[in-house]
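Take the sequences, apply the hints, and build the full model.
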Amino acid sequence: MAGSRPAEAHHDDQLCSIAASLQLIGDRWSLLILRDAFRGVRRFDELATDQQRPVRYEYRLSAKGVDLSPALVALMRWGDKHVLGESPPVVLVHDRCGTPLEQTLTCPECAQAVTPRAIKSRPGPGALAPSKATKTMKTKAMKTTRRSA
0 MAGSRPAEAH HDDQLCSIAA SLQLIGDRWS LLILRDAFRG VRRFDELATD QQRPVRYEYR
60 LSAKGVDLSP ALVALMRWGD KHVLGESPPV VLVHDRCGTP LEQTLTCPEC AQAVTPRAIK
120 SRPGPGALAP SKATKTMKTK AMKTTRRSA
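Per numbering that gives the first Met the number 0, residue 0 is the first one in the sequence shown, and the count goes up by one each step.
You may find that some hints are simply not true.
[As the list claims (entries may be wrong)] What follows is a set of in silico ranges between Cβ atoms, one per label pair, in the way DEER data are often shown:
1. Ala112 / Arg27: 30 to 36 Å
2. Pro124 / Ala73: 20 to 26 Å
3. Cys15 / Leu104: 17 to 23 Å
4. Ile118 / Arg41: 35 to 41 Å
5. Ser16 / Val113: 31 to 37 Å
6. Pro99 / Val65: 20 to 26 Å
I should point out that these hints are in silico values taken from the structure, not numbers from a laboratory.
Cβ atoms here follow ideal geometry from the backbone N, Cα and C, with glycine treated the same way.
Next comes the structure, spelled out in structure tokens:
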């Protein structure tokens with residue numbers, strides 16, 4: 000059903016940060032608006048150039064929005080490599096010196112760059128007790144399942 004969220008967001012009875020995050024920001028427009036906010040767009044009229052009404056609000060990224068920066072950069076890099084396949088249309092550079100930036104995962108203990116093959120998942124502290132957010136997410140997912148059935 001168009002516009003409904005997948006019932007699999009709770010991934011059976013597992014807690015899944017990726018599924019929970021996608022419930023909040025998983026649609027195309029949310030990510031594109033965040034991209035523009037990272038680029039300095041602050042007003043709706045900068046997003047919609049044909050708007051007729053006067054602008055009243057200025058938007059700034061919250062701490063949650065700022066924390067999405069690494070995810071958006073990773074998505075951009077993935078698109079550069081696997082979707083566009085040519086030279087990237089945008090290059091991220093250090094503001095002060097102009098050097099192109101790289102995105103890596105680094106171990107805080109030994110300071111070595113870590114590849115995806117060297118990463119293991121294990122239960123974290125939140126895996127022991129389902130949170131209220133997880134229960135809410137499961138309830139919404141069940142409602143979506145009932146509607147689409």
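Problem - Ser16 versus Val113 beta-carbon gap, inside 31 to 37 Å or not - result: Violated, since Ser16 and Val113 (Cβ atoms, about 18 Å apart) do not stay within the stated range.
Handout entry: Whether the CB-CB distance between Pro124 and Ala73 falls inside 20 to 26 Å
Key = Holds: the Cβ-Cβ distance is about 24 Å, inside 20 to 26 Å.
Practice task
Take the C-beta atom of Ile118 and the C-beta atom of Arg41, compute their distance, and say whether it sits inside 35 to 41 Å.
Solution key: 36 Å, holds
Problem - Range hint compliance [Cβ, Pro99 to Val65, 20 to 26 Å] - result: Since Pro99 and Val65 have Cβ atoms about 21 Å apart, the given range 20 to 26 Å holds.
Handout entry: Status of the given 30 to 36 Å range, CB of Arg27 versus CB of Ala112
Key = 31 Å, holds
Handout entry: Cys15 paired with Leu104, Cβ distance criterion 17 to 23 Å
Key = 20 Å, holds
The structure fails to meet hint 5 from the earlier list, while all remaining hints are met.
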